Amino acid sequence: MTLRRASLGLVAALVAVTQLGCRIYTLPPESAARLNDDHWTIEHDDTAPAPPANEAPPVVVPLVPLRQRPEVTAAMQTPRDAFGIPAGLYAVDPLLMAHRHEVDVRARNASASARTFFIAAAIWGAVTVALVATAPVVARHAESPEAARTLFYLWGGITGIEALGSAGVALSQHADTSALERYYRETYGR
Amino acid sequence: MNVRNVRSCVRVSVVAAAFLASGCAWTTQTLEPPQAPAWYGGIQRGAGRDIVVVPFVDRRKMPHLCGIKKNGYSQPAAHLLCSMPPERWLSDLVAEGLSESGFDVSSAIEDAPPSALIVSGALEQTFVEPDMGVFSASAEADVWLTIAVSNKNGFRARRSFYVKGSDTYLGGIESAGQNAFDTAMRETVVDVVAAVENLAEARP
Numbered sequence: 005m006t007l008r009r010a011s012l013g014l015v016a017a018l019v020a021v022t023q024l025g026c027r028i029y030t031l032p033p034e035s036a037a038r039l040n041d042d043h044w045t046i047e048h049d050d051t052a053p054a055p056p057a058n059e060a061p062p063v064v065v066p067l068v069p070l071r072q073r074p075e076v077t078a079a080m081q082t083p084r085d086a087f088g089i090p091a092g093l094y095a096v097d098p099l100l101m102a103h104r105h106e107v108d109v110r111a112r113n114a115s116a117s118a119r120t121f122f123i124a125a126a127i128w129g130a131v132t133v134a135l136v137a138t139a140p141v142v143a144r145h146a147e148s149p150e151a152a153r154t155l156f157y158l159w160g161g162i163t164g165i166e167a168l169g170s171a172g173v174a175l176s177q178h179a180d181t182s183a184l185e186r187y188y189r190e191t192y193g194r
Numbered sequence: 033m034n035v036r037n038v039r040s041c042v043r044v045s046v047v048a049a050a051f052l053a054s055g056c057a058w059t060t061q062t063l064e065p066p067q068a069p070a071w072y073g074g075i076q077r078g079a080g081r082d083i084v085v086v087p088f089v090d091r092r093k094m095p096h097l098c099g100i101k102k103n104g105y106s107q108p109a110a111h112l113l114c115s116m117p118p119e120r121w122l123s124d125l126v127a128e129g130l131s132e133s134g135f136d137v138s139s140a141i142e143d144a145p146p147s148a149l150i151v152s153g154a155l156e157q158t159f160v161e162p163d164m165g166v167f168s169a170s171a172e173a174d175v176w177l178t179i180a181v182s183n184k185n186g187f188r189a190r191r192s193f194y195v196k197g198s199d200t201y202l203g204g205i206e207s208a209g210q211n212a213f214d215t216a217m218r219e220t221v222v223d224v225v226a227a228v229e230n231l232a233e234a235r236p
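Chains as they are written, first to last, in the numbering used here: chain A, 5 to 194; chain B, 33 to 236.
Isolated chain B (complex conformation) (with noise of 0.2 Å):
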């Protein structure tokens, strides 16, 4: 091995570092919607009970993206688009993880009667960025949703979810992102129901 040869091997070699330190992560990619979170059967804590589940409404500071993809810089380099708006997947689940509880379920707040409990909710934040580490990167999903519950009568309560979802890779974020995001998603959608019912149980 001459010095030309290792030279051209060290050229070799910084370009190939070089390509796998960028990735692929040019390309935009579109987030499908997470499949529900799994009901089972079991006791149905809601009774029959009326509750409105007023569609959630949408604050999130970028609502045109989903979230990023970043190159071996921890560069922005592509975008994360969601196929529908993420705070309708969110009210919808919401409405029919309650209505698998037991609970009698609407979207219209004229007819509840006053006792009903009226659920709305915010989304502030839903994300996903992966987080560059040394070795490794992880897609990061960061769900953010404020949710209100009230009645006619007077009844005011509030209450913040933040859910992380995250999934280490090693090649593209592609699957990596979508895992994180259903996750995410699904687990938010999981402790909302859970607290609007213990909230209920708690008011008769």
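In isolation and in its complexed conformation, chain A is listed as follows (with noise of 0.2 Å):
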């Protein structure tokens, strides 16, 4: 009776601490991403009307394509890093910079995370060794030998799958780079 008391409040507890959740207001990633457009719609386009005859027509800056620029074509040619970006073209563009240093703040949270989640890992291990270790002694010492040592088997366990589920969070952080890698594709067409 204490057995299956024990086992039923026991994954009660499980049931509890691993409640799975769900968003509430955000959005998953993939529904996010088509909210995401990866260009403008142009909805009207312009037509300047015509400055009269005696006026001189107004001065526009036009803009040098960014590709087009000789540093440009330089930074081109230089080797490719990890996300199969010319190195060199982060010199000359501010804002593939800009959005390399946001790759760079989600990759340093996604190691902090993983870092954490690994050292709750080892943790998490090493109770549910000694758990699985210390069942045999406390069962000689108990009224009840089974039920002890079955109460100390089933925390082990639950320490146990803790463990290995802490490992797989450290392990599936990583950064999200797709910001990156849009722009990098949007403004020079690669």
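Think of the hints as simulated: they come from the structure by calculation, not from any bench. Please read these numbers as outputs of a predicted model, since none were measured by experiment. Incorrect hints may have been included.
The calculated label-pair distances, taken between Cβ atoms and stated as ranges, are [said to hold, decoys possible]:
id : chain 1 : residue 1 : chain 2 : residue 2 : range
1  : A       : Gln72     : B       : Arg188    : 24 to 34 Å
2  : A       : Asp108    : B       : Gly186    : 33 to 43 Å
3  : B       : His96     : A       : Ala137    : 24 to 34 Å
4  : A       : Glu150    : B       : Gln67     : 53 to 63 Å
5  : B       : Met94     : A       : Ala137    : 43 to 53 Å
6  : A       : Arg27     : B       : Arg188    : 30 to 40 Å
7  : A       : Asp108    : B       : Val86     : 24 to 34 Å
8  : A       : Ala78     : B       : Arg91     : 22 to 32 Å
Just so it is clear, CB atoms sit at the ideal spot from N, CA and C, and this is done for glycine as well.
Since each chain comes alone in its own frame, lean on the hints to assemble the complex.
Below, the structure is given as structure tokens:
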């Protein structure tokens, strides 16, 4: 009876700890990507009214396309980095560098989380080993050895699952680089 | 270990597990403005061209909230507030980014020449929410901004930006929520500035 209650209690606790939540207000990444346009939608194109004959046309500074600038052409020949972007391009394109900076921030956050979860995995693993190792000793001194041993093994199993789960979370941490790659494709047509 | 001890052990374990599951998610937190993105020297594509950045408008469904905290049962438990309107942060930072890129930025439409691009935006969503997993939780921050670019000659273009920031955490959501929020807001600004530059370049 005690063993049954203990098992039920532990299962209830495990269910409470591992409650799977769902997003209420935020969107899953695939839905978010659909709302993140990769180009402008031109709703109305301008046809500037012709100025009167006696007036000079307004002076509009034309912008030299980035990819036609000589320094960019030279930078495009430099070796590519892990994202497939010529490494020399960062020095001439401030927005590419700003995107890269954001990727680095995301990577730092991801590696900090990974470290935390590796430590958690190690602690859970140590607790698992301790529980499993002490179960026979505790059972020897208990009035109901079977119940005591089962309880320790049950907790050992739960903490073992936590250890594996934490290690999995640590290994799954990564930085989202899609904004950097999208900017490179959009700006340089690659 | 007798039966009574085993029972006590189980009770303590269940209470401890329930405490862990509930978390400390009950206090309201205020999110601070993100730092400006890091703008680096290099080619200034703006070349002194006039551009107008109109302060963005707020179209969020819950303008009083910037996010929520959840308890261990994935139920909303406390509010996350913004220390100032997020649409203001975004329009200020976009204006700053375009200025850093060499554009002559102003906020007065009346004085702008007919060819000057006018950038306006509507903030549809900015929300931080924990996504509770089996072994971990992630603070997720969504920023959804629609940008309209026009000029007095009748040109009109529109684009939607939806950026997610996230930070996985083990303990409290406080710093993870702020990290996710900062990342999403800064990346939105960089995305918008880059897209406006590309549009300006394509429209001499």
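Exercise for the section: Evaluate the given range 24 to 34 Å for the C-beta pair formed by glutamine 72 (chain A) and arginine 188 (chain B). Expected result: holds, 27 Å
Handout entry: glutamate 150 (chain A) paired with glutamine 67 (chain B), Cβ distance criterion 53 to 63 Å
Key = holds, 60 Å
Handout entry: Range hint compliance [Cβ, aspartate 108 (chain A) to valine 86 (chain B), 24 to 34 Å]
Key = Taking Cβ atoms as reference, aspartate 108 (chain A) and valine 86 (chain B) lie about 32 Å apart, which means the hint holds.
Exercise for the section: Take the C-beta atom of arginine 27 (chain A) and the C-beta atom of arginine 188 (chain B), compute their distance, and say whether it sits inside 30 to 40 Å. Expected result: With a Cβ separation near 33 Å, arginine 27 (chain A) and arginine 188 (chain B) satisfy 30 to 40 Å, so the hint holds.
Exercise for the section: For histidine 96 (chain B) and alanine 137 (chain A), compare the CB-CB distance with the range 24 to 34 Å and indicate the outcome. Expected result: violated, 54 Å
Exercise for the section: Take a look at whether the Cβ-Cβ distance between aspartate 108 (chain A) and glycine 186 (chain B) falls inside 33 to 43 Å. Expected result: Hint holds: Cβ distance 41 Å, inside 33 to 43 Å.
Practice task
Just tell me: holds or violated, for the beta carbon distance of methionine 94 (chain B) and alanine 137 (chain A) against 43 to 53 Å?
Solution key: Holds: the Cβ-Cβ distance is about 52 Å, inside 43 to 53 Å.
Exercise for the section: Confirm or reject the claim that alanine 78 (chain A) and arginine 91 (chain B) have a C-beta distance inside 22 to 32 Å. Expected result: violated, 44 Å
Checked against the numbered hints listed earlier, the structure breaks hints 3 and 8; every other hint is satisfied.
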